[in-house]
Amino acid sequence: MFDFRKEAEMRLHSEKLARELALAKQREEESRADEGHAASEATAVTEAEPVE
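Letter by letter, the sequence shown follows residues 1 to 52 in this note's numbering.
Treat the hints with care, since some could be wrong.
To be verified - Here are the computed distance ranges between Cβ atoms for each label pair:
#, residue 1, residue 2, range
1, 5, 27, 29 to 39 angstroms
2, 14, 36, 30 to 40 angstroms
3, 14, 35, 26 to 36 angstroms
Derived from the structure by calculation, the hints contain no laboratory data. Quick caveat: nothing in here was measured; it's all calculated off a predicted structure. Don't be surprised by glycine CBs; every beta carbon is placed ideally from N, CA and C.
Generate coordinates for the entire structure from the input sequences, incorporating the hints supplied.
What follows is the structure, given as structure tokens:
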């Protein structure tokens, strides 16, 4: 027979893993957004400078 305690432990582990993966994905998306924002600012500054 399946042990209810074991089932609860497995569910807890699955939820914890899902939460960790979601946080990792969120951090990755935020770092990409920051990199893209920094690159667009650099482009804007470069385009605004007069060429001699």
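Quick rundown of the hints versus the structure:
| no. | hint | result |
| --- | --- | --- |
| 1 | 5 to 27: 29 to 39 angstroms | holds (33 angstroms) |
| 2 | 14 to 36: 30 to 40 angstroms | holds (33 angstroms) |
| 3 | 14 to 35: 26 to 36 angstroms | holds (32 angstroms) |
In the structure shown, no violation is registered for any of the earlier numbered hints.
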